[in-house]
Amino acid sequence: MVAIRPAQASDLPAISALDARLTGLDKPQYWRDMLAPERNLLVAESEAGKLLGFIAGEVRAWEFGQPAAGWVFAIQIEPKQRERGVASALFEALVSRFREKGVTRVRTLVDRKDHLILSFFRAQGMVAGPSLQLDMDLA
Amino acid sequence: MKLQTGTRLGLYAVLELARDPERTLSAADLAERFGVSSHHLAKVLRTLAAAGLVRGGRGASGGYRFTGNRRRTTLMDIVALFEPAPGQRAKEPGEDTDIGAALQRVLLEVDEIAEATLRSISLETMLKPRR
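In order, the protein sequences belong to chains A and B. Residues 251 to 389 (my numbering) make up the first sequence, in order. Residues 3 to 133 (my numbering) make up the second sequence, in order.
These aren't lab readings, by the way, just hints derived from the structure by calculation. Check the hints yourself; a few may be wrong.
[As the list claims (entries may be wrong)] Once the Cα atoms are required to be at most 35 Å apart in a straight line, the calculated DSBU-like pairs of lysine-lysine come out as:
hint, chain 1, residue 1, chain 2, residue 2
1, B, Lys130, A, Lys330
2, B, Lys45, A, Lys300
3, B, Lys4, A, Lys363
4, A, Lys277, A, Lys330
5, B, Lys45, B, Lys130
6, A, Lys277, A, Lys351
Here the structure is a predicted model, which means the values were calculated and not measured.
Put together the whole structure using the sequences plus the hints.
Pasting the structure below:
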């Protein structure tokens with residue numbers, strides 16, 4: 251059984267550690283900032299209270315000229331707990347919060363070489379959005 | 003974006019068979035459903051069988067069924083059976099010039115986006131009823 255609830259300060263070490271293990275990047279301050287009231291950081295935990303995964307997002311309006319949309323910033327699942335619907339449950343929980351805030355679109359940004367996460371969002375029903383992301387190297 | 007006929011038929015056949023892996027359909031059944039050549043479809047089904055995605059097809063009326071993994075197989079896996087990989091394409095005249103090279107960079111960008119899209123959609127996702 252998976253329980254989903256808003257993250258608290260006491261969850262931050264486990265969230266930070268899981269993210270650092272999966273991305274190779276340690277960014278505790280970033281996760282602390284995600285506890286801000288206008289943001290949504292949700293955790294999935296087992297009956298024993300162990301962290302299974304988390305999702306982070308926020309409603310943003312007029313970013314790049316676009317009307318309000320719920321943005322998904324990050325989703326990470328403990329590798330041993332995958333293929334059990336934890337990520338889908340987290341995504342659904344975040345999307346319900348976005349709906350409660352009155353937004354009708356959910357949006358994210360994914361590395362196009364990250365087929366795993368791209369497939370996950372596709373399986374949730376997401377498709378290419380109206381924007382194209384552009385980059386330029388300043389080095 | 004335009005796919006070669008074989009690629010399109012391969013996608014039609016795999017998706018139709020994957021819709022119900024218990025069901026058996028012949029090249030003629032599939033050809034009738036999509037209004038395409040059954041001769042071309044029979045050839046496409048042999049390629050799909052060699053890749054392990056479908057099985058069967060003894061004789062002209064022999065039926066095929068889906069034997070792949072709906073969650074693990076992506077649209078790109080099917081496309082790659084019929085279209086040359088971008089890196090293995092024959093060099094076009096003019097590619098060595100500065101304009102040719104600049105054009106290649108743009109086309110590569112388009113290819114990469116198309117490939118990311120095709121690789122992110124599993125047969126399972128494709129066959130899900132749309133919300």
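Do the alpha carbons of Lys277 (chain A) and Lys351 (chain A) lie within 35 Å of each other, as the hint requires? With a Cα-Cα distance of about 28 Å, the restraint between Lys277 (chain A) and Lys351 (chain A) holds, given a limit of 35 Å.
Please verify whether Lys45 (chain B) and Lys130 (chain B) have alpha carbons no more than 35 Å apart. The hint holds at about 28 Å.
Hey, Lys277 (chain A) versus Lys330 (chain A), does the alpha-carbon distance stay inside 35 Å? Distance of about 23 Å is within 35 Å: holds.
Measure nothing beyond the straight line between the CA atoms of Lys4 (chain B) and Lys363 (chain A); if it is 35 Å or shorter, mark the hint as holding. holds (23 Å)
Run the distance test for Lys130 (chain B) versus Lys330 (chain A): straight-line Cα separation, threshold 35 Å. holds (26 Å)
Within a Cα-Cα threshold of 35 Å, do Lys45 (chain B) and Lys300 (chain A) meet the stated pairing? It is violated: about 53 Å lies between the C-alpha atoms, which goes past 35 Å.
Hint 2 alone, counting from the list given before, is not met by this structure.
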